[in-house]
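Novice: Residue-level listing of the chains:
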Amino acid sequence: MQYLLMIYENENVMNDMAPEARGAMFAEYNTFTQDIVKSGHFKAGDALQPVATATSVRVKDGKTITTDGPFAETKEQLGGYYLVEAADLDEAIGIAARIPAARTGTIEVRPVMVFDGSM
Amino acid sequence: MLGAAPNDVGATLDRLFREEHGRILAPLIRLLGDFERAEEVVQDAFEAAMQQWPVEGIPETPRAWVLRAARNKAIDRIRRSARFSDKRKELEAVAEVERSFAPPPDELLTEGLRDDMLRLVFTCCHPAIAIEAQLALTLRTICGLTTEEIARAFLVDARTMAQRIVRVQKKIAAAGIPYRVPGAEDLDARLEAVLHVLYLVFNEGYSASAGDELVRRSLCAEGIRLAELVVELLPDHPEPKGLLALMLLSDSRRDTRVDADGDLVVLEEQDRARWDRAQIERALPLVEAALRGRPPRAYALQAAVAALHAQAPRAEETDWRQIAALYAVQSRISPSPVVELNQAVAIAMAGDVARGLRQIDALEARGSLARYHLLPAARADLLRRLGRNEDAAAAYRAALELVGNDVERRYLERRLREV
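In the order they appear, the protein sequences are chains U and P. Quick note: the first sequence, position 92, residue 92 per the numbering used here, numbers continuous. Quick note: the second sequence, position 77, residue 77 per the numbering used here, numbers continuous.
Be aware that one or more of the hints could be misleading.
[Stated by the list, open to error] To give a feel for the contact side, a few chain U residues facing chain P, derived at Cβ under 8 Å: (1) Gln-49; (2) Ala-52; (3) Thr-53; (4) Thr-55; (5) Thr-66; (6) Asp-68; (7) Gly-69; (8) Glu-85; (9) Leu-89; (10) Asp-90; (11) Pro-111.
[Claimed, not checked] From chain U, some residues computed to sit far from chain P (all C-beta separations above 12 Å): (12) Leu-5; (13) Ala-18; (14) Phe-32; (15) Gln-34; (16) Thr-74; (17) Leu-78; (18) Leu-83.
No lab work stands behind these hints: they were computed from the structure. For each residue, glycine too, the CB sits at the ideal point set by N, CA and C.
Assemble the whole structure, with the sequences as input and the hints as a guide.
Specialist: Structure, rendered in structure tokens:
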């Protein structure tokens with residue numbers, strides 16, 4: 001079986017952290033990742049960019065409707081995910097609009113965080 | 001001439017900033033890779049002028065001076081930036097800056113600058129950006145308004161507006177919103193979104209709501225300037241012409257819409273001699289061109305209605321029959337209850353009051369305009385014309401319960417007193 005582990009947390013808590021505390025947390029994430037890689041559990045994992053970078057995509061009557069912001073409806077639940085490589089947000093939106101659930105629900109498009117080593 | 005009065009320098013730079021901000025910024029965003037860096041270069045260039053001109057005098061061609069300064073600052077940036085650490089990449093980028101800034105483009109848009117301006121317009125009005133942030137970004141980057149000016153126009157404090165702008169610039173960079181003109185398959189939908197933003201800018205200034213009169217007037221002017229730019233950038237598209245015509249025609253009446261006491265003057269009672277004839281003459285050929293779109297779109301049709309009003313020497317001579325026909329076309333192309341309401345009024349004004357009233361009743365029965373004060377207001381107006389004063393009074397009262405705007409409220413109250 002494969003499982004998607006979804007990390008929910010308050011962004012502000014992280015932003016308000018002192019640099020040392022944040023460093024310690026990153027180190028802990030690193031250790032954890034290495035551990036589950038070694039144990040053979042790891043398939044894929046990423047940090048996401050802040051929620052302010054989110055875009056929601058829906059398709060209604062064949063028309064793609066794009067809105068700023070995360071998906072905020074409580075009637076629907078996270079039902080799956082795709083991790084895709086795209087040249088830019090327009091391409092990612094185009095792919096998101098082809099997911100069948102775009103017609104019945106919403107696809108939230110969030111860029112994956114890239115750590116450049118300076119953090 | 002050595003030295004220049006600080007006032008002259010300030011005024012010249014303010015004007016240049018407004019006129020040139022978008023044109024200087026547009027290629028820089030492409031060359032430097034993001035809005036923030038590009039804006040810093042523009043700021044640096046203007047700051048250099050602010051320091052040197054009072055001492056050295058205003059240069060003979062201020063625009064060329066600022067463009068040259070921006071070019072030099074951009075090249076400095078590229079040489080210092082880690083993005084261009086590779087020498088070959090650096091040289092390519094520098095050459096590209098030279099190409100984009102020299103020879104200094106004059107009033108005519110060069111092909112390259114036209115593309116950059118289009119990129120800028122489409123990126124500022126990207127649908128992944130919240131609509132109020134699209135407005136702010138458009139005014140700030142394309143129109144060269146300051147954050148304080150935009151804040152005042154939208155009645156929020158400057159800090160909030162500054163945060164809104166920073167947030168959107170960060171989103172563009174972090175989410176990978178591309179700096180390019182959409183492909184043919186998306187162009188129509190994206191252009192519609194751009195025109196909507198322009199329309200909102202104009203309307204924010206035009207609608208008789210709260211706010212400083214001067215600020216609102218300048219928003220109308222910016223709306224018109226933006227629409228002119230898009231007409232120039234996309235000369236083969238009819239819809240921007242429709243929007244520009246609509247703005248020009250609406251704006252031609254602005255001095256007569258409100259009387260000395262600030263009370264609303266409806267179209268029928270406006271002093272037509274004070275409508276801006278030159279602006280109307282400019283708009284009419286644009287309406288013609290916009291109507292050639294297949295099918296004509298909403299702005300073209302609204303502009304055509306406005307043109308018929310503008311062309312009637314007296315209110316009684318308005319061609320209501322043709323106005324009703326235009327609303328019928330619009331209703332077919334993009335059905336909406338507001339268009340149906342307008343059509344009903346036009347039918348009534350063209351002579352068939354009973355049919356107009358029936359159509360309004362049908363609309364009301366459907367409940368789709370239940371909170372819209374102009375529905376009972378329109379009914380009240382028609383009943384008043386028929387001399388059915390008691391029914392009219394009841395409808396005016398219903399409209400008063402829904403109206404939110406003070407100017408319109410006073411108008412309805414006056415009508416209620418009269419019947």
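Novice: Next, verify each hint and record whether it holds.
Specialist: Hint check results:
no., hint, result
1, Gln-49, "holds, 5 Å"
2, Ala-52, "holds, 6 Å"
3, Thr-53, "holds, 4 Å"
4, Thr-55, "holds, 4 Å"
5, Thr-66, "holds, 4 Å"
6, Asp-68, "holds, 4 Å"
7, Gly-69, "holds, 7 Å"
8, Glu-85, "violated, 11 Å"
9, Leu-89, "holds, 5 Å"
10, Asp-90, "holds, 5 Å"
11, Pro-111, "holds, 5 Å"
12, Leu-5, "holds, 24 Å"
13, Ala-18, "holds, 23 Å"
14, Phe-32, "holds, 25 Å"
15, Gln-34, "holds, 27 Å"
16, Thr-74, "holds, 21 Å"
17, Leu-78, "holds, 20 Å"
18, Leu-83, "holds, 15 Å"
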